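Undergrad: Going line by line, the protein sequences match chains V and P.
For the first sequence, my numbering begins at 1 and goes up steadily by one.
For the second sequence, my numbering begins at 1 and goes up steadily by one.
Simulated from the structure, these hints should not be mistaken for lab results.
Hints may be right or wrong, so weigh each one.
Pair ranges (Cβ atoms, derived) [as the list claims (entries may be wrong)]:
no., chain 1, residue 1, chain 2, residue 2, range
1, P, Ser59, V, Ile53, 32 to 38 Å
2, V, Gln55, P, Ser59, 28 to 34 Å
3, V, Gly98, P, Asp39, 23 to 29 Å
Straight-line distance between alpha carbons at most 27 Å, and here's what the computed DSS-like set of lysine-lysine pairs gives [to be verified]:
no., chain 1, residue 1, chain 2, residue 2
4, P, Lys42, V, Lys95
5, P, Lys68, V, Lys95
6, P, Lys1, V, Lys95
7, P, Lys68, P, Lys1
From the structure, some residues in chain V lie toward chain P, with a derived Cβ separation under 7 Å [to be verified]:
no., residue
8, Gly43
9, Leu44
10, Leu46
11, Leu90
12, Gly98
13, Pro100
14, Phe103
15, Gly104
16, Asp105
17, Gly106
A quick note: this is a predicted structure, and the numbers were derived from the prediction, not measured.
Positions of the beta carbon are idealized from the N, C-alpha and C atoms, including for glycine.
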Amino acid sequence: SQTIHQWPATLVQPVGSPLSLECTVEGTSNPNLYWYRQAAGRGLQLLFYSVGIGQISSEVPQNLSASRPQDRQFILSSKKLLLSDSGFYLCAWSKGDGQPQHFGDGTRLSIL
Amino acid sequence: KQEVTQIPAALSVPEGENLVLNCSFTDSAIYNLQWFRQDPGKGLTSLLLIQSSQREQTSGRLNASLDKSSGRSTLYIAASQPGDSATYLCAVRGGANNLFFGTGTRLTVIP
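Here chain P stands alone, though its shape is the one from the complex (with noise of 0.2 Å):
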């Protein structure tokens, strides 16, 4: 059974700095990888979705890339905001319609 691993489980940074948040999965035979936002208590954005045969995927200040063959994503956040502070999940698609979820990374930006 697959299974996603996300780390580190928080993660606090000043206003401005670069960061990488990290997502890895234990079987590489995967359809796409999707990265999502979640605010307390609130549903999930979706942020970037990279397909199997991608590399990487960018949007704005967010850049996902993709190692299929070691089990591995990173979701790259330039220049943070406070507005970024949220938990960030990463979900691989395996067969049919299942997304298999990562805990997720609490990420703080400090003003």
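With the rest of the complex left out, here is chain V (with noise of 0.2 Å):
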């Protein structure tokens, strides 16, 4: 069966620190993947998605960046965080367009 995993779990980092969130799915290949963040009291608004390895279409610009360096391992960035940027971060892959879409369970970031 398919499983994905996030981590960490939860961060705390000052404003203007850089950061990496990692996502890695097992049990399939060359699924599509997506990053999303839920920031407090608004829907999850979609960050990143990819259809296969080096591609990454952004969907709001931001300052963040995603990267597919494997075909089941994606990752967020950013070289400076800010304080807008604190939020529950989730990803997700489906295995294909207009397939059902499986989420971890999140990395909340905290900016102090």
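Join the two chains into one complex using the hints; note that each chain is given alone, in its own frame.
TA: Written as structure tokens, this is what we have:
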């Protein structure tokens, strides 16, 4: 069966520090991969998605970037965190376009 | 831009009651609609996915309907249980790979 892992589960970082969140999927190949952010009191917002290694699409302009160095690995990064980057970050995968998306347990990021 | 609204924002019901959660969306040109459950501090669990050509999907005590022309979906939960307490999110898929989410309905089932 397929599983998705995100880490860390929680993270507290000072403003201006770098960020790296990692997501890996097991039990499937060539999945679509997604990064979402859930800000307090707001719905989930798609940040990035990837249909293959090295292929990244960004949905909103922001302070973050994403990379997909391996087929089942998706990384969310920032060079300098802002206060507005606080939130709950969720990684998801799907078998393809139009297929159900399956989510990881999320990373709660607090910026001080 | 697609906007997804979920009403009510919060709902409390006694155990055993049947209930309906509502989801509406502004752009009827969708590929599918997905209902999720989110427990506090956790990720999302997919419950049901309805393709744009379908009218409803059922899984156990859950039934989701879709009326694409009117921009509405409902999630019906039969014989609610305390374990059903969670936030329920609906999301519609527009073009490409973008899912547009509502802000959810927080359900509390009282024993």
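Undergrad: Please flag the earlier hints that this structure goes against, numbers listed from lowest up.
TA: none
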